[in-house]
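K.L.:
Spelled out, the chains give:
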Amino acid sequence: MSTRRTFLIAAGALAVVLRPNASNATPAMMQEAVRKVVGDAQIRKGKVTLDLPPLIDNGNVIAMSVSVDSPMTPTDYVKAIHVFNEKNPQPNIISVTLGPRAGRASISTRIRLADSQTVTAIAQLSDGSFWQATSDVIVTIAACAEEIS
Amino acid sequence: MARAVVTVPQRAKRGEIIEIRTLIAHRMETGFRHDSYGRPLARDIVSRFVCTYNGAEICRAELFPAISANPLFTFTTVATESGTLEFKWTGDNDFTLDATASIVVE
Numbered sequence: 305m306s307t308r309r310t311f312l313i314a315a316g317a318l319a320v321v322l323r324p325n326a327s328n329a330t331p332a333m334m335q336e337a338v339r340k341v342v343g344d345a346q347i348r349k350g351k352v353t354l355d356l357p358p359l360i361d362n363g364n365v366i367a368m369s370v371s372v373d374s375p376m377t378p379t380d381y382v383k384a385i386h387v388f389n390e391k392n393p394q395p396n397i398i399s400v401t402l403g404p405r406a407g408r409a410s411i412s413t414r415i416r417l418a419d420s421q422t423v424t425a426i427a428q429l430s431d432g433s434f435w436q437a438t439s440d441v442i443v444t445i446a447a448c449a450e451e452i453s
Numbered sequence: 187m188a189r190a191v192v193t194v195p196q197r198a199k200r201g202e203i204i205e206i207r208t209l210i211a212h213r214m215e216t217g218f219r220h221d222s223y224g225r226p227l228a229r230d231i232v233s234r235f236v237c238t239y240n241g242a243e244i245c246r247a248e249l250f251p252a253i254s255a256n257p258l259f260t261f262t263t264v265a266t267e268s269g270t271l272e273f274k275w276t277g278d279n280d281f282t283l284d285a286t287a288s289i290v291v292e
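Residue numbers (our numbering), protein chains in the order written: chain R, 305 to 453; chain V, 187 to 292.
It is worth saying that the hints were derived from the structure and are not from the lab.
Be a bit skeptical, because a hint or two may be false.
[As the list claims (entries may be wrong)] Just a few of them, taken from the derived set where beta-carbon distance is under 8 Å, the chain V residues facing chain R:
id: 1; residue: GLU248
id: 2; residue: LEU258
id: 3; residue: PHE261
id: 4; residue: THR262
id: 5; residue: THR263
[Claimed, not checked] Partner residues are not named here, just some residues of chain R that face chain V (Cβ under 7 Å, in silico):
id: 6; residue: PRO393
id: 7; residue: GLN394
id: 8; residue: ASN396
id: 9; residue: ILE397
id: 10; residue: ILE398
id: 11; residue: SER399
id: 12; residue: ARG405
id: 13; residue: ARG408
id: 14; residue: SER410
id: 15; residue: THR413
id: 16; residue: ILE415
Every residue, glycine too, gets a C-beta built ideally from N, C-alpha and C.
Given the sequences, and given the hints that come with them, work out the whole structure.
P.N.:
This is how it looks when you write it as structure tokens:
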């Protein structure tokens, strides 16, 4: 066999290995992650408030807060809050487990976003129902874009 | 060495809802970045946070690489009794960090 052919095959194989990993999540991957948490339950809109700035200068540090309209009594409370994104390398952002002792279903943190996208917050209530809120954000400087020098 | 800053009100009325703010120093390397030679940087994140109030768990969180460096996390709880709040973070490379705060409920 000619060396040229073997070289081309080897180079092709190498190109496949070195292909920059197009690793960003897709909305389908987010749906999959959501289904893993929610199962077959229906997700209704409402009750959840997701606070994110609509226009983000720096995707590395974004203040985010999520609150859920709930009395937080031992019989009616928010069990968990999950936040998902569509276009980061991974669809999950944070999952918080709460209980009636929280007093208020309200959390905040700082997140990273790799691109302009829709962020989804889903709350699981003690009666087993799921509620969600979404927020569209525009990110001008994406997280993960910069490399270490 | 990593450090934690926890803000809990020193005094509260019984039944009052108090806000707890936590902030720790950690780089939260995502595992999706590369160095200047193109080599991937290993993931190093804080993945779990638990808060207990006099031994009873009141809040737990699972963190992902989408949480910013130096993770900040705030939540609320009902001031039920005087005592201690314990905070514990765990993560990659056997990372653990503890913090405590005391509260007087009157």
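K.L.:
Are the hints correct? Go through all of them and say.
P.N.:
How the hints compare with the structure:
1. The beta carbon of V/GLU248 comes within 4 Å of a beta carbon in chain R, closer than 8 Å, and the hint placing it at the interface holds.
2. Below 8 Å, beta-carbon pairs count as interface contacts, and V/LEU258 has one with chain R at about 5 Å; its hint therefore holds.
3. Residue-level restraint check for V/PHE261 holds (minimum Cβ-Cβ distance to chain R is 5 Å; threshold 8 Å).
4. Checking V/THR262 against chain R: minimum C-beta separation of about 5 Å stays under 8 Å; hint holds.
5. For V/THR263, the interface hint holds, since its Cβ comes within 8 Å of a Cβ in chain R; the closest pair sits about 6 Å apart.
6. Interface restraint check: R/PRO393 against chain V, minimum CB-CB distance 5 Å, threshold 7 Å, status holds.
7. A least Cβ separation of about 6 Å between R/GLN394 and chain V falls short of the 7 Å threshold, and the interface hint therefore holds.
8. Look at R/ASN396: its Cβ gets to within about 4 Å of chain V, closer than 7 Å, so that hint holds up.
9. Taking 7 Å as the C-beta cut-off, the interface hint given for R/ILE397 holds, the closest approach to chain V being about 4 Å.
10. Restraint check, R/ILE398 versus chain V: the minimum CB separation of about 6 Å is within 7 Å; hint holds.
11. For the restraint placing R/SER399 at the interface with chain V, the shortest Cβ-Cβ distance is roughly 4 Å, inside the 7 Å limit, so the hint holds.
12. Annotation: interface hint on R/ARG405 holds; nearest CB of chain V at approximately 5 Å, less than 7 Å.
13. Satisfaction of the interface hint for R/ARG408 is found here, the shortest Cβ-Cβ separation to chain V being roughly 5 Å, below the 7 Å cut-off.
14. At about 6 Å, the closest approach between the beta carbon of R/SER410 and any beta carbon in chain V falls short of 7 Å, and the interface hint on this residue holds.
15. Taking 7 Å as the C-beta contact cut-off toward chain V, the hint placing R/THR413 at the interface holds, the least distance being around 5 Å.
16. With a least beta-carbon distance of about 5 Å to chain V, the hint placing R/ILE415 at the interface is held under the 7 Å criterion.
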